[in-house]
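Trainee: Residues per chain, in single letters:
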Amino acid sequence: METEPVLQMRNIRKTFPGVIALDDVSFDLRRGEVHILLGENGAGKSTLMKILSGAYERDGGEVLIDGREVEIGNPRRSQSLGIGIIYQELNLVPHLSAAENIYLGREPSRAGLPFLPFIVDRKAMNGSARELLAGLGVNLDVRRPVGELSIAEQQMVEIAKAVSLDARILIMDEPTAVLTEREIRELFARIRRLKADGVSIIYISHRMEELFEIGDRVTVLRDGSVVGTRDIAGATKPELIRMMVNRELTQQFPKVAAPRGKEVLRVEGLNRAGVLTDISFSLCEGEILGVAGLLGSGRTELARAIFGLDRIDSGGIHIKGRLQRIASPRRAINLGLGFLTEDRKTQGLVLPLSVRENICLPSVDAFSRMGVVSRRREAEAAAKYRKDLRIKTTGLEQRVVNLSGGNQQKVVLSKWLVSRGDILIFDEPTRGIDVGSKAEIYELMNKLTAAGAAIIMISSDLPEVLGMSDRILVMHQGRINGEFSAAEATQEKILHRALGDTE
Amino acid sequence: MTLKTYVAQHGRQFGTLVGLLVLCAVMWILTPHFLTISNLLNIAEQTAIIAIIAAGMTFVILTAGIDLSVGSVLAFSGVVMASLLQKGAPVGVALAVGVLAGFGCGTINGLLISVGRLPPFIATLGMMSVARGGSLLFTEGRPISGFSESFRYLATGRVVGVPMPVLVMLTVFFTAWFVLTKTKLGRYTYAIGGNEEATILSGINVRLYKTLIYGICGGLAGLAAILLTARLNSAQPIAGMMYELDAIAATVIGGTSLMGGEGNVFGTLVGALIIGVLRNGLTLLNISSFAQQIIIGLVIIVAVLLDMTLKKGRR
Ligand SMILES: Nc1ncnc2c1ncn2[C@@H]1O[C@H](COP(=O)(O)OP(=O)(O)OP(=O)(O)O)[C@@H](O)[C@H]1O
Ligand SMILES: [Mg+2]
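Protein chains in written order, with our numbering: chain L, 1 to 503; chain P, 1 to 315.
Chain L with its partners taken away, still in its complex shape (with noise of 0.2 Å):
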């Protein structure tokens, strides 16, 4: 067996203004390993693959790729030498197709046509992305702008892409968290053929359990510093937990049941065309009502219709008792409404403004007399999320541009948590967000539906669905296909109804 590695990053450190991102950082590679990177929100694991793939320049320390110093420089050099990324965010130009997308930069020109290089073979890409990502499990037309997609096949499409460049070192940052069951099983199941192929995986994600399926070798990160390397086959969840944050945790689910008050939300037959189907369901004070389903289950279209963004083709909406026209995002919050959506980039933040902006951009009324902010008044309500939901930020007045993905998440929550809405539909609220953090969390959403508050939570990740919700509802293809109290749920139950059964 080989045992030089791959790939090694020695005393690497990268600092930004205010903040020592990685600090003395050391790390190893071997051959067709899947090599985990665990660490808190803001814990460097991104930076440090940003170095590896040309994003960032290190400010000290050196890589070595199969014993030789590399220098990286640009992400062209990366690719050249074999490295390909996913990174934690999206970065798919949203005009453009499925494929053209997956090819940017490398389109296949026509063969026999040496003359015109220039000339895309269209034929032969379209072709060769819906092969790709068939292979994946994903049928799309991939000719769509992937502006149109949803945000899981988007990453399903960004997944192709790197898949595609036939890289040796492969650094997959957070892939599966929009991902539901279905696709983080055909991924799985491709890393395990790119294993065999000699590929090297290094693998970020906040979901415990994929560690242990998919992962050979955990290096976790504390801020900014390496506290340990294990193999998976000897390492326990506890542990790892208690290496990563540095403390107990106590129970990772800290549900508690809160009375049942009036009904605040009931849907009637709501239909839209070919995306939501004769939906019907309520929701009372103090009830925590969980969405699952699959990619494309329409259960982001059914909160976008609730919330007033999309036009309803029939069916009624009622507000504590009122039937309601919710023609807008404006009359919604009004109501008493707030929607933390799936995708921060595009949809949650405001990337240049601060941390307190975004805090604070949907109750800048209540901030203000006259229309003068206060400004005071703002960084109060938001120094208190801060310190309850622990975001790493050097200040209020960070851009939160420069937060790491999880602490982006924690401001997005932070923003309609401020904005005192009763009626709050999370969309994936955890989203690339770690154990300790999501913990604080759920203690959160408790506090919220023990003051009377009531929450719809869609999330991809069941055992949260299990864990936090009173009720919950399964979709599968528009509508509602099975209803569980949390007594009766289970995973397998949930599954066989959001594949389509209805027994």
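Hint data in this document are derived by calculation from the structure and do not stem from the laboratory. One should not assume that every hint holds.
Below 27 Å or equal to it, Euclidean Cα-Cα: the simulated DSS-like pairs (lysine-lysine) are [stated by the list, open to error]:
(1) L/Lys447 with L/Lys262
(2) L/Lys255 with L/Lys161
(3) P/Lys184 with L/Lys384
(4) L/Lys384 with P/Lys87
(5) L/Lys123 with L/Lys447
(6) L/Lys262 with P/Lys184
(7) P/Lys87 with L/Lys387
(8) L/Lys161 with L/Lys123
(9) L/Lys237 with L/Lys161
(10) L/Lys195 with L/Lys255
(11) L/Lys345 with P/Lys87
(12) L/Lys387 with P/Lys184
Use these hints to put chain P with the ligands onto chain L, whose structure you have.
Mentor: Relative to the frame of chain L, chain P with the ligands by itself:
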């Protein structure tokens, strides 16, 4: 916040200011006359009109928009106001109508963009032509000249030695700074430019605010028209040609990103002054207006290139 992080975050602003000071120093060395009080006031006075337009342009560009119509809107506001003055309307009324005419044109731009969903470039390109044609038609192509002393005082008057246009400019910039940094409107301006979809999803009436922002931009063009008309003692239907380009240049040199969401009016004021100082200094140096154009063009390019490399250097 420590001084170091403050400078790191606002470094761009200081960069432009340093650029202005260096430029002044160079001009001073080349022509001693440059650094006299009278010449400096002269520069400020000449800069005032473009700077006021650029203040409005900054709002628009912060939302990731553009307004190509400001020069034509200035002409239109000018002739409307001038004709009222000639008909003997009270100065106050004429001024108000002039500014309102600009505000109206801007509001139409805003509605075309926010409700009609036209790209800002197209909507304001259309308005640029319509407002210009409107002014020409309205005056049959002839300038309207000769106004009362009290009106002309707006350009010629001085308050404790400071020319009126400079006072107006400073008031405009102070107000714009206040609005952008302290008020809801300002916050929403940045938010719309930074991510319009996220702003809509946060429950903000983006259509209303966008319309208002283009209205403000038009209104400031109307205000600039007052100063120009008073200075020339004449309102010309062909006034303000190419002013949109100077205003955009001042904004961009000042560090406001054409992608929206980043920038500030302080930078724009400095940007406008850089253009003003260049024009003035080059004229003092007897450099032909043809060569001046080349130099100003190069300065715009270099300023933005520098800005981009500085931003990249932070990665
Ligand atoms: N461009 C940047 N400018 C300033 N600070 C940055 C920048 N990128 C990252 N940081 C900081 O570096 C630290 C590490 O961030 P990184 O994105 O590597 O975390 P992470 O481990 O990937 O976290 P997550 O699990 O939330 O994705 C964080 O404190 C973050 O705020
Ligand atoms: Mg990350």
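Trainee: All the hints need checking, so say for each whether the structure fits it.
Mentor: So, going through the hints one by one against the coordinates:
1. L/Lys447 with L/Lys262: Answer holds: lysine 447 of chain L to lysine 262 of chain L is near 18 Å, not above 27 Å.
2. L/Lys255 with L/Lys161: violated, 40 Å
3. P/Lys184 with L/Lys384: Within the cut-off at roughly 22 Å; holds.
4. L/Lys384 with P/Lys87: violated, 62 Å
5. L/Lys123 with L/Lys447: violated, 55 Å
6. L/Lys262 with P/Lys184: violated, 35 Å
7. P/Lys87 with L/Lys387: violated, 66 Å
8. L/Lys161 with L/Lys123: Roughly 17 Å between the alpha carbons, so the hint for lysine 161 of chain L and lysine 123 of chain L holds.
9. L/Lys237 with L/Lys161: violated, 32 Å
10. L/Lys195 with L/Lys255: Since the Cα atoms of lysine 195 of chain L and lysine 255 of chain L sit roughly 39 Å apart, the hinted pair is violated (cutoff 27 Å).
11. L/Lys345 with P/Lys87: violated, 57 Å
12. L/Lys387 with P/Lys184: holds, 26 Å
Of the numbered hints listed earlier, those contradicted by the structure are 2, 4, 5, 6, 7, 9, 10, 11.
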